[in-house]
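Participant: On the provided structure of chain A, position chain B as indicated by the hints.
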Amino acid sequence: MTIKKKFLLLSAILSLCSCVDFDDATQPISVKIQIQMPDGLKAADISGKTISLSLGSQQISAVTDGAGIATFNNIVPDNYDISTSWTMTAAVYAKLTGTHAENATYTVAGSLNTQTLAQTSETPLTLPVTVAKDQQLLINRVYYEGSKDLNNRNYIAGKYIELYNNSGNAVDAAGLYLALMETESTIAYTPGQVKDTVFAKQVFRIPTDTSVKILPGGSLLLVNSAIDHTLTAQNSFERNLLTADFEAKDLQGRTTNNPDTPALELVFSTYSTLTYMNLVQGGPASIVIFQTDENVARWPQVYAYGKTKGNMFMKIPTSAIIDGVEILKNKAQTGPDINTKRLFDYTDAGYTYCSSASGYSGETVARKKASETSDGRVILQDTNNSLNDFYTSTTLQIREY
Amino acid sequence: MKRILTLLLFFYLSHLTATAHNISIHLTEKATGEPIIMATCVVQPLGSYAVTDMEGNAKIKDIPQGRYELQVSYVGFEPIKMVLNINKDLSLKLKMVESSLALQEVTVVARQNAAGTSTSSIVGRQAIDHLQATSLADVMQLVPGAIMGNADMTSTQQLQLRELSANNITNRFGAGIVMDGVPMSNNGQVAQGDFSSTTAFGTDMRQIAADDIEEVEVIRGIPSAEYGDLTSGLVVVHSKIGVTPWQVKGKVNPGQTNYSLGKGLRLGTTADGRQARGGVLNFNVDYAQAWGDPRQKTRSFNRYNFSVGYGADLTRRWHTDTKVRYSLGRDWSGNDPDAISDGTESKSTQQTFSLTHNGKLTLDRKLARNVSYTVGLTLTANKSRNTSFVGTGTGLIPIITATETGYWSIPWKNSSYLATGINDSRPGNVYLKVSDAFYLKKGKTNQRFKVGADYKYDWNAGKGYYNEDEQLPLRPNSDGRPRAFSDIPGLHQLAFYAEDNFSWQYAKNRNLRVQLGARFTAMQPFDDVRTFALSPRLNVSLELTEWLSLRGGIGLNAKTPGLSYLYPDKHYTDRVALNYMPQNGNGMLVYHTNVYEVAYSKDLKNATTTKIEAGIDIRLPGDHKMSVLVYQDRTPDGFGNVTEYRTYTTGYFATPAGMTVDNSGRVDIGSAIPTATYMNWTTTGRVGNTNVSVNRGVEFDFDCGRIEAINTAVYLSGAWQESKSHSKNLVSTTPAKLPTAYALQVPFKMVYPSELDYSRYRRFVNTLRLVTNIPALRMVASFTGQVIWHNATLSYLASKNPVGWITSDLAWHDLSSDMLGGYLGMDGNYYATVPEGIDYVAITDQVIKSNDNNTVKNPVTWNLSFRLTKEFGKTAGLSFYVNNALFYEPFMSSSTTSTLTQRNTGTYSFGVELFFKL
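Protein sequence lines correspond, in order, to chains A and B. Quick note on my numbering: the first sequence kicks off at 1 and runs consecutively. Quick note on my numbering: the second sequence kicks off at 1 and runs consecutively.
Extracted from the complex, chain B is given alone in its bound form:
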């Protein structure tokens, strides 16, 4: 690292001879002539920037001679992009125009990013408004390949990128959301009970109110090296900071309502209107309520969001943005209010307090042009409370609460009872980041460097899982033991990154752009669980001709396992030892409890995703643009189960004669003689990197330009995607045709080759958007038609011969192909011929044959939606939408069954939004 820096320094110093110039900008609002404060001015590709001060002035210093693009942006205004030839000091007077439907330029679809950087889609404010999004989850449907529909606010919405399987926990855990520069960490989330391959610890997108968002960038490709702790991709959310009018919005549709109020105001103006110090204060209040199905009020979600942002220049060179947010989400499900309440319900509250502070220092030093830093603090309190009846099932509910290994005399219930279980999780996160950006230029090449470091600390201070009455537990068996989350150690994570954005204008208007970076992450560097990851990343684009450019990239992302996977819960196994219930009432129920604690998931590594992309961008006459991208995301070490067997024996007794019980309920078996001895097979509960997933596909985006005669722009996007995953875990089963007498004393487990079975999802989706914008009417209407041409799933189970068996002493025995005709005795030994005097299983019966690996192909379905936004002058507006406008919910069968299933269900919805700008 040091050597590289020295080299870079040398390279840089040797080119200091180039002359440098300053750009002065004075920025005003076109309509009023008022200065615009805190607008961002960036000179690309150098990345040199400045923020306008209270008089609307900004100065960008030391720009080497050359040709650049100046980008100026501000909340609620149309961005300015202009090409500058810098050969002397420049003084620019720029005027910005407020975004409005009265303008020719209206962007209500996702824009594709600039060449030479990560593949991403950018969704701006106008698009979010037109979509009538309530939360970040709604915004995601503008991404190529995403399915349109209604986001159901009554259930958790987790982010998935380029993933078709609903159950890929690594992808959901590793899909990052960066809010105003601070990653929303999910590392502090902890679960109670055994590892579940379906419980994902992703971030709930419902928390993020859409009305407070200025812009969303969905990075599907290889992200910049400054972003880490992710696998599949990330969403970068920028919230509003800047002077804005009062904005009042109300959205209503059959399933939900949403109201928000926001304002950005200028502080510290003196009596004569002159500005000495001060800044910009933004606030936003938002309330949303959702019922899943208005006919059946059995589920609800309420969300309250409050945010205050403060932007200020501490000095001429030091600009800061600070934001404090509080959000409260309440989920409830229970009996319909019209039905008889039996007391069962589940409710949960999610409270999040977060502070983000971003500082930018314009130092204008050669190796420190712009230094920025971020401080983030997030405190979350999630409390869920579930009340339900514990059913008798087969007539006896053993209430097993032992937390130590041994025989325990336990109480029981013969009829159902009402119980409440509470989960109290309080993840916290501290985030610190320092970044330095500088550039150098030689001839026709530019290099922009970013180096930085970040530190993350995650912990959980929650009380964890417990029952309201520990004598009446909600889950009175092995997966319902209390667990305190606050006992789990915190997680430190330290990362360093460096990135070079290189551009070379090798011919007129033709550039080669390279983004080369690397990121080094150390998790828990001084602990047993430490793991490191080095993630190099490269994005390249080359403009071959004026109309054709190529791009490609390769990069690694790494996601640390987080507290939940690193520190799994204790593994409890309970076996009945005595079930003695004579009619005279002196019954006794004894269970043997075995507790195994994995102190931590040993050898658990980061989940790393290798992303490879190649694409082509074509610029056709008439402002037509087309881009096609091929990608593959491979995660060979996703999180999953590890089968690590343990065995132990317990006795089964007919009567309690000979046993003694102490006050705590612990049973001393004493002289009691078991009628049977059970062989118990259990696992350690460790989590490993056993899941392998590969997502690949082709994404395309065709901007057909605007047909002026009908004021309509046409966009066609789509994606063919495949998600395939399998497990590297041990494949083992209890032998087939095991004599019934051995069901509870399995003498050995059969082992089969791993990695032969997989599940695969494929989908091909086209989305056509027609956007009609009539500036004179201040109106924009969009029609979106989506066709799912292909939607297929395959769960492939391979035929396989056993390759070994594990006996109860955990010894491994190889089973070669010439042994297939033999027998395995219940003593665990191999016999070439039928053994005499002992029970056995034939090895030929252990061969797994598979004959129904059929791909389930779903029929072609389509969906049509319509949206309209109309502004009434500058102060009011109305939006209206209908999803699945033709109410197309047909009954169709799939390729493997004649059963008709209703398609497109739940996609029909309509709603209206009214907004005022005062």
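One chain only, chain A, in its complex shape:
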């Protein structure tokens, strides 16, 4: 090889190398996130609050400064779920709003789901938060998935919902309403299409003929069939529901009802002959509990948005809601679609779901245990964000936390 040729080769290699721009490679970024309090509470102290970024099972946290800004350095660009929550005492709340608050704590929470953080920015990203009064009664368990029986056939008779008294005072649940949100394949109304209203396919009421006292740390078990399902389904997922407090009675003769279990009153059902709780395996299965003095049976019913036929749903004003949990359908490849949320963020800023895309997995969604009082009473986590508050389990027994 002549020198000339060597030179040419060298210059060719050099010119190729010069095309590589190492700046194109992924670089860690820094982002700032600022908490934004709702109107009327802008004066609240938002320093020292923890903001979390979660990506799958990973979680990164940072603490806010005096301006409510948390700085995250050296993070990998990706789509993160951003959330924060803390508890506000009644005194602080009363001072800020000028309203009188008694024996209650408030949860401040906010989240931004699947937020793309791609580049370093000096301008902080705004994380709006909402403030909600902590409830005494919570939805702490929803078993909507069903399972498979010995012959590997679907078994859906053992579904149940558990409510929990998270407060230190006894609660009377008589007259409490339970609403199952509509589960149309195309969402009937997205939150906000009608202001402060959600749409139910079924509404049940806890009877008012006797008081239904739930002691602190006590729970209320609502089922479709109050029998021992471990005997009929013969698998490890189903539970003995003989101790259920109320049973939604089936009037079609297709469910074993226990005559010793009092009936849950059916107030409204989209499907005229479906009188038991229509918890859809695989989801969605969003639920709220609410309280009102009005005649709920006469509340307006409407068709899905833009429709003039099909199924009719009952309008539930969110002002009556005590607690709600957003349960989404999991999709095999893409995961749950947050565009199918039925509840407003101020009812549930996040969502929960089971791993199975089609159900029958025996999974239940359960509220996490936050702490325990000195007398052994369990306090369940209620940050108003089910993504944080709930987990799934196949082994939890009823009334186990």
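Hint data in this document are derived by calculation from the structure and do not stem from the laboratory. Glycine included, C-beta positions come from ideal geometry on N, C-alpha and C. You can trust all of the hints, since none of them are fake.
Some residues of chain B that are not near chain A, with every Cβ distance over 12 Å (derived):
{"hint": "1", "residue": "GLY47"}
{"hint": "2", "residue": "SER100"}
{"hint": "3", "residue": "THR298"}
{"hint": "4", "residue": "PRO536"}
{"hint": "5", "residue": "ARG778"}
{"hint": "6", "residue": "THR793"}
{"hint": "7", "residue": "ASP809"}
Okay, derived cross-link-like pairs now, BS3-like style, lysine-lysine, Cα gap no bigger than 30 Å in a straight line:
{"hint": "8", "chain 1": "A", "residue 1": "LYS309", "chain 2": "B", "residue 2": "LYS800"}
{"hint": "9", "chain 1": "A", "residue 1": "LYS307", "chain 2": "B", "residue 2": "LYS724"}
{"hint": "10", "chain 1": "B", "residue 1": "LYS857", "chain 2": "A", "residue 2": "LYS331"}
{"hint": "11", "chain 1": "A", "residue 1": "LYS309", "chain 2": "B", "residue 2": "LYS737"}
{"hint": "12", "chain 1": "A", "residue 1": "LYS148", "chain 2": "B", "residue 2": "LYS297"}
{"hint": "13", "chain 1": "B", "residue 1": "LYS625", "chain 2": "B", "residue 2": "LYS81"}
{"hint": "14", "chain 1": "A", "residue 1": "LYS148", "chain 2": "B", "residue 2": "LYS413"}
{"hint": "15", "chain 1": "B", "residue 1": "LYS800", "chain 2": "B", "residue 2": "LYS737"}
{"hint": "16", "chain 1": "A", "residue 1": "LYS307", "chain 2": "B", "residue 2": "LYS857"}
{"hint": "17", "chain 1": "A", "residue 1": "LYS315", "chain 2": "B", "residue 2": "LYS800"}
{"hint": "18", "chain 1": "B", "residue 1": "LYS849", "chain 2": "A", "residue 2": "LYS309"}
{"hint": "19", "chain 1": "A", "residue 1": "LYS329", "chain 2": "A", "residue 2": "LYS309"}
{"hint": "20", "chain 1": "A", "residue 1": "LYS307", "chain 2": "B", "residue 2": "LYS728"}
{"hint": "21", "chain 1": "B", "residue 1": "LYS93", "chain 2": "B", "residue 2": "LYS81"}
{"hint": "22", "chain 1": "A", "residue 1": "LYS369", "chain 2": "A", "residue 2": "LYS148"}
{"hint": "23", "chain 1": "A", "residue 1": "LYS307", "chain 2": "B", "residue 2": "LYS737"}
{"hint": "24", "chain 1": "B", "residue 1": "LYS95", "chain 2": "B", "residue 2": "LYS59"}
{"hint": "25", "chain 1": "B", "residue 1": "LYS917", "chain 2": "B", "residue 2": "LYS870"}
{"hint": "26", "chain 1": "B", "residue 1": "LYS800", "chain 2": "A", "residue 2": "LYS307"}
{"hint": "27", "chain 1": "B", "residue 1": "LYS728", "chain 2": "B", "residue 2": "LYS570"}
{"hint": "28", "chain 1": "A", "residue 1": "LYS49", "chain 2": "A", "residue 2": "LYS368"}
{"hint": "29", "chain 1": "A", "residue 1": "LYS309", "chain 2": "B", "residue 2": "LYS724"}
{"hint": "30", "chain 1": "A", "residue 1": "LYS329", "chain 2": "A", "residue 2": "LYS368"}
{"hint": "31", "chain 1": "B", "residue 1": "LYS30", "chain 2": "B", "residue 2": "LYS59"}
{"hint": "32", "chain 1": "A", "residue 1": "LYS315", "chain 2": "B", "residue 2": "LYS737"}
Facilitator: Frame of chain A; chain B shown alone:
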């Protein structure tokens, strides 16, 4: 009728003066000089015919002086067509040539029929071979407007003509198949359970092996009056009868294999080669096996066909063809053999034995030139067995088996169980037909008359539907009760027909042709269910100039309802009365069963289709032919549901206290007091003529002739078609916003005007075929390109106000437009203002508003297929095909959604066929 006959006779006798001549034909095979026996020789338009005898001789007598076309045809040979001027006795020596790809004439597409008769497509043996058809279903894709593709042998293939909706049961039930002169009757088919608007009782085309077929005629237009018991049209199948070499065929493609062996031999030859008596014996053995998807062996179909045909001249004037057929089809679906078997499977066998006997007598009498008769016997045994798990669903499976009205204490299951249901259907059919054909001629007019009668008897001797273990029924609820089909009476049907084929040569080479006929059918003439139909039919064609002719027609077809629609199953309604399951184990489940038996579908009439057609045929220079046809088929009385309400109340009890149960399980309510009383609305289960369907469209066929330079013929065909249907049934619903407490005690039903909603399908398809035939290479190749330009569906739901309500005493109440602002109380009464003290629904909430009647338009798709047939000398051949040759399966969205759907799926396939002639 008698008066018409007398008139015809007079007309005829007054023209007897015309001189008549005889034609003698001696027919031999060109290559060998051997006489051809049992070839059909027909003089058109007289229809006078004869069949060659064992020496290859035929004589057609008494042909009036004039100009005719002689047509000679024989299995495996090119037909002869020649024009004869008859003014003296003629003696013709004709030679036939064996069909082969070495000939210039190769027909691998469907031919259009002759003018002046029914609009039809004729598919010959060469076309069937080139298509590599396995069953009759494959052949249908040569009809204009039909979609190309792979016929999936693992599911039932029913015939539909000019119909785009997949669910028009009347059209499928009324699409007839005539096999060697005997209609394949589907009247004896019976179902268990309620009427279903999707279960059609059409004939399964998979049974008919393609290799035994000589020719198929698909009559889409107005058929001859000799055909009846049909609505949309029919397919006339002629199987092979004649001397043929040994034929061995094998077809293989990824989804199926098919082998056949056939031979036609001459019987009764004496030692010196001379023929005294005897005939021709044909037989064909055929086996086909199909897997729907070779990757997933979850479905299969096996078919065995065996047929023997015997053609013989009993006397010089009496020719007979007899055919005996047996076919066995086996469908199976279940777990993939590689998967863990859980015992679930469904399998069915269809066995058919049939005998057809056709006799033709050449009487040469003035009013009885040719008399023919047909005798048919078909015995079918269809047995299907379905094993699957009965799921618990919501935790309790009530096992309701009561067959009488009353309260019944019934057993139940809490977990799923394996159950087997069996359906045993044995339809049988006897068919007899006598037909007389004669002609008369005066001057330049010819008239060919056909008069005849046929009789059909259909029955079903099947055990019907039952469970292997009646304690563990497969469908343990209202639609799973056993039903014996043999209890259903048989169905007699008698029909008479007369037809005149008139032709008038009004100028040189210009004819007016008229086919005018009528058919009168009486079904079950001496029974309550009797129904009659008169079906007049007319086809006209007029050659205006040498290159232009017009044609048109109008006719009625009638299809008798058949056993399934005439005698619907009992209607069972079950309501829970007690669901008492305490934990101490003394549970009791009581259901109330209501059984209603419609002895027969009262007032059920024939489904009649009125067909109207008009067309133009243009003959262009260079052998180009073009024909365009506009049609409308209207069936205003197709079979469908009838909502005929019945109401009754049942009690719902909290505990069994006060009830007594006898040994049979019947419950006496005794002193038990119901906690609720349910109002049950149910129907009678009667079937009626409630479906209205209209099919219309334009079909065109353009034969562009042959481009000699590239040995290629070009054919372009296509159709724009529309199918629209609606129901005349009562439109009624449970009131909207009914208070939840009334869900099981609906106090009234809202009624809306009928016939406003409809479904509509539209499609425009073009098919271009290029057929390259190189005789020197004994090879033919065809490229077929099909474009679906337009494919749209619309389900139209009209906005409508209620026009009345039916209260639970079945009384009708009118609801006028000024009452729309009012209320209906749960007592069933109308209130102008909100009623006090009772629940109600607002009438404004009962208005049905419709706002999304969007036509779903599918994108343009196309499909390209390629076929090649090559003969190796006279003894062997090879065919090859690729469907969807470019593997075009795109993802495209329709006009109403952004969701991408894969198109043309399942159209890709390739296969090969090898055949030997020994």
